[in-house]
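Residue numbers (our numbering), protein chains in the order written: chain V, 1 to 396; chain U, 1 to 170; chain X, 1 to 666; chain W, 1 to 101.
Read the hints as simulated data drawn from the structure, not as lab findings.
Just so we're clear, the structure is a prediction, and the values are computed from it rather than from any experiment.
We treat Cβ as the ideally placed atom computed from N, Cα and C, and that holds for glycine.
Some clues are possibly wrong.
[Claimed, not checked] No farther apart than 30 Å at their CA atoms in a straight line, the calculated lysine-lysine pairs in the DSS-like style are these:
1. V:Lys395 / U:Lys167
2. X:Lys198 / X:Lys30
3. X:Lys613 / X:Lys562
4. X:Lys379 / X:Lys30
5. X:Lys562 / X:Lys456
6. U:Lys167 / V:Lys374
[Stated by the list, open to error] Sample of chain W residues at the chain X side, in silico, Cβ under 8 Å:
7. Val20
8. Val24
9. Leu57
10. Phe65
11. Glu94
12. Asn97
13. Leu98
Here is what each chain is made of, one letter per residue.
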Amino acid sequence: MDFIAQHAVLVVSLVKIVILLLVVMTALAYLTWFERKVVAHIQSRWGPYYVGAHGLLQPLADGMKFLFKEDVTPPASDRLLYVLAPFLAFSLALTTLALIPFGPPTIQILGQPVFVIANSNIGLLFLFAITSIGVYGVALAGWSSNSKYPLLGGLRSSAQMVSYEVSLTLSVVGVLLLANSFSFNGIIESQSPNIGHWHVWKQIVGFLCYITAAIAETNRVPFDLPEAETELVAGFHTEYSSFKFAMFFMAEYANMITVSCLATILFFGGWLSPFPESWTWQLYLPGVGLLLIALYCAYDTIAHMRGIARIQLAVVALLALIAGASCLIPAVMPVIQGPFWFITKVGLFLFLYVWIRGTLPRFRYDQLMSFGWKLLLPVSLVNLLVTALLIVVVKR
Amino acid sequence: MSLPLIVFFACGVTAVLGAVLLIVAREPIHSALSLILVMVSLAVLYLLLGAEFIAAVQIIVYAGAIMVLFVFVIMLLNAGVEERTNLSKMAKYAGVPLGFFLLLEIAHWFWRSAVGARIANGSGTVNASAVSTRDLSMQLFQQYLFPFEATSILILIAILGAVVLAKRGE
Amino acid sequence: MFILNHLWIILALPLLGAAINGLLGRHWPKWAVNTVGIGSVSLSFLGVAELVREFMRLNAAQVPWFVRYFNWISVGSFSVDFALQVDQLTLVMLFIVTFVSLLVHIYSTGYMAHEGGYARFFSYLNLFVFFMLTLVMAANLVLMFVGWEGVGLCSYLLIGFWFLKKTATTAGNKAFITTRLGDFGFTIGILLAFWAFKSVDFGAIFNRVSPMPVESTSGIGILTAICLLLFAGAVGKSAQLPLYVWLPDAMEGPTPVSALIHAATMVTAGVYMVARMHPLYSRAPLAMFVVALVGALTAFYSATIGILQTDIKKVLAYSTVSQLGYMFLGCGMGAYAAGIFHLMTHAFFKGLLFLAAGSVIHAVGGEQDMRNMGGLRKKIPVTYWTMLLATLAIAGIPGFSGFFSKDEILEAAGAGPHKNLALWLLGLIGAGITSFYMFRLVFLTFFGKPRYNEKKVRVHESPQNMLVPLIILAICSVIGGWVAAPHLVGGSDYFESFVHPVFASYEAQPVVAQQESLAGGASTEGGIQPNPEMEVLQAVTGPPVIAAVLGLLLAWWFCIRKPSAATKAIRNLHGLYTLVYNKYYVDELYAALFIRPLLWISTNVLWHTIDEKIIDGAVNGTAHISREMGGRLREIQSGNARTYATWVVIGAVGFTVLLLGLWMVR
Amino acid sequence: MSVPISYYLVLSAILFGLGVIAFVFKRNIITIFMAIELMLNAVNLAFVAFAHAWNQLDGLVFVFFVIVVAAAEAAVGLAIVITIAQNRRSLNVEDVNLLKF
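Just chain V, same shape as in the assembly:
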């Protein structure tokens, strides 16, 4: 018991980790659903529809399928690395989330902030450190499965990630100069009180560089060369199957989430609300939003759903209703603000991701490289330079 008293850090952190994992896992699962839906609509299809209402149970089904697939390991592969690679990728991808503050540090339990697991004052650096390690998952996967497509994929990804990591970091430094801090909370606080002070306005160039580099960093369209179906069967994870494949899959989405969170924190004021403090009505927004969702679900249930789907959607509506109502409890209301805004912004970024995927064609490899080195890097450098100069001038 006194152990708990002494090492409150460990206990609370453990609890937070567990919760976060649960949340993120589900989030990942439903992110796939979300992506498929959006892309489908962009391509004027319906997307997953039959497993559960609006295909809401599709992720579950996929998970099952992954679990029960046979786990094939190529005989010529390098066993150790072959197994290691997906775990590395996935675990690192999740680790980064530990650094992300989903809400203000002022809300605490046992003297520990609730909404962040590891609250470091150089959080940004750590995040980059971990992401930079993330390369190995892909690279090793490519190497260990010991066949040509994965090898090519691995090569591509390692080269690509190293190249874009540079401009990614550089594009962020501008924000650091403005915020004058490495810690996420510091950065976020420097953007208070309202939308006018978000760094995105001063750092628009940096933001564009960042988002581009981020997409490349996460191997997403249009930079998904390492797993380009049309060129290398499935890139680095050609040889992978069942759950190992799932891990790569989830790692990719986790990375997407991380990067979006980062973008939110750096450029869009993290968990800050865009409106000034004085507008008290904004406190109701989370609850109202959820209630609206509940309302829509209810309408949909009654209007279109038939059979089992009707029940499922009703459950969803009910859940949303409860959540919305609980958000309107005065005690909860201030607590929920931060996460609400944060998640909303991140959601928007994820939508952007999917949108881009649905829209843009894929680069050629040489284009990718020359774009990274000859355009992105110089631009972010110049941006950094100009920012520094302006700051000095203004300081004077």
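Using the hints provided, position chains U, X and W relative to the given structure of chain V.
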């Protein structure tokens, strides 16, 4: 046995293990991975020493960039198992024992060195006061400005060299 | 005050001309080269004229006029400025140099018209003028030495102007090397002066010298040492005994060069130097005596050689040597003014003599041997008359410039403060011989019947641009001495009173007083107060005239009246004849004494032993050793990186052991 | 209590020695490179430890420089390795011994 000590020994053992692995591994890529292991554990040690920035840089640059280069090259050249040729006589009869001797010697030396003495009478123990990145950068950009610029030039030259070599390779 | 503030212009112009002609002139037409060459010199001559005008305006306090341009050398306490100074002495020299060289330039345009390397010649001449002016205007010993060596260089270049002629080049070398012997002493003298006076500036040196007493003639004091060393340089440069041998050979150069450098200006640098350093000399009686002695001996000795020379230019060369001897005699007697005066007149008539001789040679088509001339009187009248006037001047016939100057020198020798009868006698006989061989030259050249092949040689008078300088110089050499005329009747000597301030300054007073009491008041600053003892003066001024006339008559007797007498005389004193005819075998003597041993040593010892055996041996030995060691050591470099690594490890271990040991010890 | 400095130093010494051994042992050029990196890391550890022991920032700065140099070295070195491999079809240092007497 306090928390820092536990962490230290965990990381230290990992590091040594990694180093040994680097030696015994026959696949270059295994060596590379073990080296990465060493680096990461060292980074943790740096954290323990309160050098957060250096720790981060260690991982970002060393593990995240340099070693990626290594791995990349290994994959590019598809470097397989290294064939066992016999050590050169020098290496076998002089190098190896001397290497071990050096190891022990340095260990002993450090142990008995002035610092060691300070440890003995309690002082010099690590008080976990984190070095703020601001101070470090002040040091770097004021007192060590010239070396810093020099290194930047060094890097530039290195880039040129690499490019030239690559071009000639084609 | 323009030129006084910009003295450098006078220097810069000839240098500029030299540069232009030397670098660009090769492909230019003659007229362009002439414009540059003559233009530069004439401009600096005008500069000098202007300088004289402005100089006269200065009050005594401002003399010597001193201009410091920049610090040239500065090593510890040793500091040399590039500084120029102007006083009366300098003015005289400037005037002579620029004037004569201007005339020579003009003359050369005619004389060198058909020669190759026209521009080269003129650029050399200009360069010479530049260095000579530097020498004259220098305000410190080192800068003076620069000019000193510079003129030496130019003389070398010009003697060897026809560098395809072996004799010419060897003559050039001879001149350079012989002079170098003297310059060695000169250099040491400079260093000694710096050591003694902590400066090389004339002003500073003289200020430090002025309180010093006169050194005793017994033993060599510091002043005496410096003076003798500097005089060694003068001996070399001004071709005195025993270093005179180079001057006759220097006649290999073009005649204008002989006129300008080896008669009028460069060879007189020594005299100028002695005069310039007079405060030191007048405190070093021994050195004075040496100067006088050397001067007198040379005057007599080379005159005797001159008697039997048959090459017209050689005769003039030896006469130059002996005239220089007279100048030194004058300086040695403390009559610096007289020395300088003779220097000026000599510049006129000797320059004229050479130019005229050149004109003669030009006329008879390159023939230099007087035995193949004769009877040219009618053919080349202008040359004849000018040369006659010059001869009268040098022979010291009353009324002509040479008479006054030489007379003053002999007067100083006979009745001056340091008077010495032996030297006076030498000078006197020398004067007689001078007039003898000079008239012999004239008679052989212009009188009698032609001894050259009249079919082949078309004798013709030289062109205008050669004759004009002759005439001008002739006028100068007639009237040049008149400034001193009143002196003879006890009046004042304008020249001397002009340069008087220079030599009066820093004068060692007590000596003069003592000497005056001893010499019955015939002080060298003579002519300022009327001379009380006229008969003494007559006694010393009469004999030279007589001697000169005697010489004239003898020459007439031997060359015109009874040539057979000459041959008889020769037969009677055959031994003496051959001795003198072969210039006392001095060249052979030097060859035997110095040159051959030197050659032997440098060949057998320095070359075959030291260089080949020791030095080369050492070099080859080192190479051999290193090659052997390399052969042994290279096995270490196996090319195997890991072996290298092992070596590194060994080194590291060793180093750590060392550190550990040190730490243990502590 | 917290960790004594000497522990760190001993650790770095051990790592350095292992690096040396690796350098001598391994044949693969790339691995030898890694050995060098390992030694550099060991030295870095010592640097940081000292910096901490005496509360001097200079040690950290030096680590910074070491890392920079290592990066440069790796870039050039690996480029060389690639060329060697392309020319000699081998990564074994034993085969790359033309540069000798």
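For the hint on Glu94 (chain W), does the least C-beta distance to chain X fall short of 8 Å? Glu94 (chain W) check passes; min Cβ-Cβ to chain X is 7 Å, inside 8 Å.
Grab the minimum C-beta distance from Asn97 (chain W) to chain X and call the hint holds if it beats 8 Å, violated otherwise. Holds - the Cβ of Asn97 (chain W) comes within 8 Å of chain X, reaching about 4 Å at its closest.
Given pair status - Lys167 (chain U), Lys395 (chain V), alpha carbons within 30 Å: violated, 45 Å
Verify the interface restraint on Val20 (chain W): the C-beta must sit less than 8 Å from at least one C-beta of chain X. holds, 6 Å
Cut-off 8 Å, beta-carbon criterion: hint that Phe65 (chain W) touches chain X: Violated. Min distance 21 Å.
Given the hint that Lys167 (chain U) pairs with Lys374 (chain V), test it: the Cα-Cα distance must not exceed 30 Å. Status holds; Cα separation ~17 Å.
Quick one, are Lys379 (chain X) and Lys30 (chain X) close enough, alpha carbons at most 30 Å? holds, 29 Å
Supplied contact hint for Val24 (chain W), tested at 8 Å Cβ to chain X: holds, 5 Å
Residue hint Leu57 (chain W), partner chain X, criterion CB-CB below 8 Å: violated, 26 Å
Starting from Lys198 (chain X), check that the Cα of Lys30 (chain X) is at most 30 Å away, please. violated, 50 Å
Next pair to validate is Lys613 (chain X) with Lys562 (chain X); report whether the Cα-Cα distance is within 30 Å. violated, 66 Å
Taking 30 Å as the top limit, are the C-alpha atoms of Lys562 (chain X) and Lys456 (chain X) close enough? With Cα atoms ~29 Å apart, Lys562 (chain X) and Lys456 (chain X) stay inside 30 Å; holds.
The structure is inconsistent with the numbered hints 1, 2, 3, 9, 10, although it conforms to all the rest.
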